[in-house]
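Visitor: Fit chain to chain and form the complex, with the hints in mind.
These protein sequences, in sequence, are chains A and B. Residues in the first sequence are numbered from 1 upward in steps of one, following the working numbering. Residues in the second sequence are numbered from 1 upward in steps of one, following the working numbering.
Be aware that a few hints might be false.
As the list claims (entries may be wrong) - Pair by pair, the computed Cβ-Cβ distance ranges are:
#  : chain 1 : residue 1 : chain 2 : residue 2 : range
1  : B       : Leu153    : A       : Met1      : 50 to 56 Å
2  : B       : Leu28     : A       : Gly91     : 54 to 60 Å
3  : A       : Leu50     : B       : Phe125    : 38 to 44 Å
4  : A       : Gly24     : B       : Leu249    : 30 to 36 Å
5  : B       : Gly39     : A       : Pro53     : 56 to 62 Å
6  : A       : Arg6      : B       : Trp257    : 30 to 36 Å
7  : A       : Ala22     : B       : Leu45     : 48 to 54 Å
8  : A       : Glu119    : B       : Ala178    : 39 to 45 Å
9  : B       : Trp142    : A       : Ala44     : 30 to 36 Å
10 : B       : Leu45     : A       : Gly91     : 35 to 41 Å
11 : B       : Leu51     : A       : Ala44     : 24 to 30 Å
12 : B       : Ser15     : A       : Ala22     : 38 to 44 Å
13 : B       : Leu28     : A       : Tyr81     : 28 to 34 Å
14 : B       : Ala48     : A       : Glu119    : 44 to 50 Å
Honestly, the hints are just simulated from the structure, not real lab data. Backbone N, C-alpha and C fix where the C-beta goes; we use that ideal spot for every residue, glycine too.
Here's the letter readout for the chains.
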Amino acid sequence: MHPVRRQRLWVVLSIVIFSTAAIGLVVYALRGNINLFYPPIEVASGAAPLDTPIRVGGMVVDGSVKRADDSLEVSFMVTDYQATVPVVYTGILPDLFAEGEGVVASGRLDASGTLQADEVLAKHDENYMPPEVAEALENSAAKGVTP
Amino acid sequence: MYFPGPSFERSETPSIIAAAMWTFFHKLGSPPWLYTISGQILRWLLPAALLALVVGMCWGLLFTAPDFRQGNSYRIIYIHVPAAVVALGGYYIMAIAGAISLIWKMKMADIAMLAAAPVGAALTFIALVTGSIWGKPTWGTWWVWDARITSMLILLFLYLGVMALYEAYDNKVAASRACAVLALVGTVNIPIIYKSVDWWYSLHQPASIKFTGGSTIDPSMLYPLLLCIVAFYALFACALMANMRVTILDRERRTGWVRRLVEES
Chain A
1 MHPVRRQRLW VVLSIVIFST AAIGLVVYAL RGNINLFYPP IEVASGAAPL DTPIRVGGMV
61 VDGSVKRADD SLEVSFMVTD YQATVPVVYT GILPDLFAEG EGVVASGRLD ASGTLQADEV
121 LAKHDENYMP PEVAEALENS AAKGVTP
Chain B
1 MYFPGPSFER SETPSIIAAA MWTFFHKLGS PPWLYTISGQ ILRWLLPAAL LALVVGMCWG
61 LLFTAPDFRQ GNSYRIIYIH VPAAVVALGG YYIMAIAGAI SLIWKMKMAD IAMLAAAPVG
121 AALTFIALVT GSIWGKPTWG TWWVWDARIT SMLILLFLYL GVMALYEAYD NKVAASRACA
181 VLALVGTVNI PIIYKSVDWW YSLHQPASIK FTGGSTIDPS MLYPLLLCIV AFYALFACAL
241 MANMRVTILD RERRTGWVRR LVEES
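Okay, chain B solo, but in the shape it has when bound (with noise of 0.2 Å):
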């Protein structure tokens, strides 16, 4: 295996800390040691996170008490807030990977926002029809025009299309430089789904979670939202790897250390 060592252009201060970070970079480039890495990741991060989900969702489903306005129809929000937090989290992995894979040309980012999409696209769709399925009994309605319905529609639809442009070109660097592209064009969608209910009147109701000052739900409720949310972003993690791990190998198929893998197993 042949790492490239640091670099150091134009850098006039090479400090240890900075030498290590390149390091770190440089092997994230490279396929085999990430294969590798994130194989060791997976064994114990995807047993985690389904722990955490299934505490979570038990703690959320069994063990809390109804809403004092909804009942038990609430509850779907340990599905719904998770899946469109993570889908709107995301997003950002998806654009940064790809404006690495421009700026650096580094193919593990490009197989990085790849393997982002179609994850992110089934959360966005997890997010869409739960929340559709709560607002019949507690809204009067399946669906309504309104700031943060459509603004998460066209986010799903932003996940597809970066799925689809890839498949629309042959040459698959032209098609993963226009992926990035529209994967940074898309980044300006988040801080409006975000503020949507804020900026504009809607039926969706603003965020219970604030970052700032109280939440207005009851830390009973909240407790096991919060891990809800840490494990689906764990799950993320590992589809995310899953994902990559698999078009490391198909891309790499032709190479030494893909073939001693083989024979190994």
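Just chain A, same shape as in the assembly (with noise of 0.2 Å):
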């Protein structure tokens, strides 16, 4: 390769390498602020803030979920199989939102560790498969047959 062309290959590949380290050591320092939510150990722990606009994400525990007779008020607990915090929100929930699937919950904690939420998402996981499928797949799991 002729020197002139080495030598801008050379400033070509340090512009990358540079700004990528630039920009990763930005990303790695921000870590906590690109996170989208706390998880429940995290607020079990005492890192999340309180009585401050945060969001917490989890699995809604089976069972956990409470509906008001006369409003449209729900309580329910978000855990990660480490910590469960309580959340109780006041509105219409998203179409997938169930016991046993993922959730971001946004709003504020309370002094009794509380999540007074004013939006509730669902998380949809990466799993897709046809009903069939996702009833053989119970079937064989109420069997006891791992797949």
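Guide: Take a look at the structure:
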């Protein structure tokens, strides 16, 4: 390769390497702010601030969803299988909200450690399958057969 | 037509393969050759790409089962995922073309870089809009500032930035050099987009198609999706070449071969 071109190749490589390093360090430094939500374990350990707008994400605990009879108020528990956070929300839940499924709730933590949510989003997972396949998987799981 | 022959500057072992590669590389730098060969490729690639798109879309939209949780709304995957995948891949094509144009001062690489930007911007825009339309019924919101969505928005601004930067200069040689540097700096965003859902807590789900291990999308849904991705890649190549051909004709409009081409048609 011609020396001039070889030199330009090094310039191009150093542009890519140094900009990657610089932006990588910025992203690493800001990693706490890039996370969309706190997992319940961080809420339990006190890492999440009280009475500040935050988001908490995790799985809705099976059997924890309780709806009020006279209003749209609903309460449920969010878990990451290490800790749980109670959530209270008044409003319409997204269609894909269900027990045992992912959810991201935004709101403020009150003194008792309950998240007073003003928005609840369903977090969809990466599993895509036809209903028959899901049914077959459920049946085999019920029989104790691992797919 | 003049094709510069293979050159073996400082190369100790000139083999036949290296010679063929250098000839090809030098031919790529020749506007009339590139114009002719891209015309021949487009003649069969464009119909093939459109056929693959129609088959893939019909297969995905009409002949696959609905998802067990999302129902029919998951079918937007057949537009959203191919557009996003090719928007990411297209950025590398733009950046590599930019690097070649910086190192070898090759005008055709320069044209390829500038031709990729609007196509990539359109694909990124499609991915953002379809994601938003899917997000409303699935998540319950049109937009959320999570890592995947925000980095994808930055990708759109990078593509638009390359286009705007080129127009901002009167000196087009300086313009394409600045565009190439911007494109190279922006490459850091591509792995960030790709890994964002694994590195940080985000609302966007992790990838369903995995290169290692089993994919978490049922094969009956995966095959039409893969066909759509191939079709989008082929369409990207077609749009890139069509874009380049227009720019080649415009830049070479005073040369003999373009005049002859106009007289012939």
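Visitor: Starting from the range 56 to 62 Å, see whether the pair B/Gly39 and A/Pro53 falls in it by beta-carbon distance.
Guide: The hinted range 56 to 62 Å holds for B/Gly39 and A/Pro53, with Cβ atoms some 57 Å apart.
Visitor: For the range 38 to 44 Å, tell me whether the beta carbons of B/Ser15 and A/Ala22 fit it or not.
Guide: 40 Å, holds
Visitor: For the range 48 to 54 Å, tell me whether the beta carbons of A/Ala22 and B/Leu45 fit it or not.
Guide: Violated, since A/Ala22 and B/Leu45 (Cβ atoms, about 39 Å apart) do not stay within the stated range.
Visitor: Within 50 to 56 Å or not, the Cβ separation of B/Leu153 and A/Met1?
Guide: 38 Å, violated
Visitor: I want to verify a distance hint. Is the separation of the beta carbons of B/Ala48 and A/Glu119 within 44 to 50 Å?
Guide: 46 Å, holds
Visitor: Go ahead and decide if the range 24 to 30 Å is satisfied by the Cβ distance of B/Leu51 to A/Ala44.
Guide: At roughly 56 Å between Cβ atoms, A/Ala44 and B/Leu51 fall outside 24 to 30 Å, so the hint is violated.
Visitor: I want to verify a distance hint. Is the separation of the beta carbons of A/Leu50 and B/Phe125 within 38 to 44 Å?
Guide: 40 Å, holds
Visitor: Verify the CB-CB distance for A/Gly24 and B/Leu249 against the hinted window 30 to 36 Å.
Guide: 42 Å, violated
Visitor: Within 28 to 34 Å: is that where the Cβ-Cβ distance between B/Leu28 and A/Tyr81 falls?
Guide: 55 Å, violated
Visitor: Looking only at beta-carbon atoms, does the pair A/Arg6, B/Trp257 fall within the given range of 30 to 36 Å?
Guide: Once the Cβ atoms are compared, 33 Å apart, the range 30 to 36 Å for B/Trp257 and A/Arg6 holds.
Visitor: In this structure, is the beta-carbon distance linking B/Leu28 and A/Gly91 contained in 54 to 60 Å?
Guide: 59 Å, holds
Visitor: Is it true that A/Glu119 and B/Ala178 lie within 39 to 45 Å of each other by Cβ?
Guide: 42 Å, holds
Going down the numbered hints, you'll see the structure goes against 1, 4, 7, 10, 11 and 13, while the others check out.
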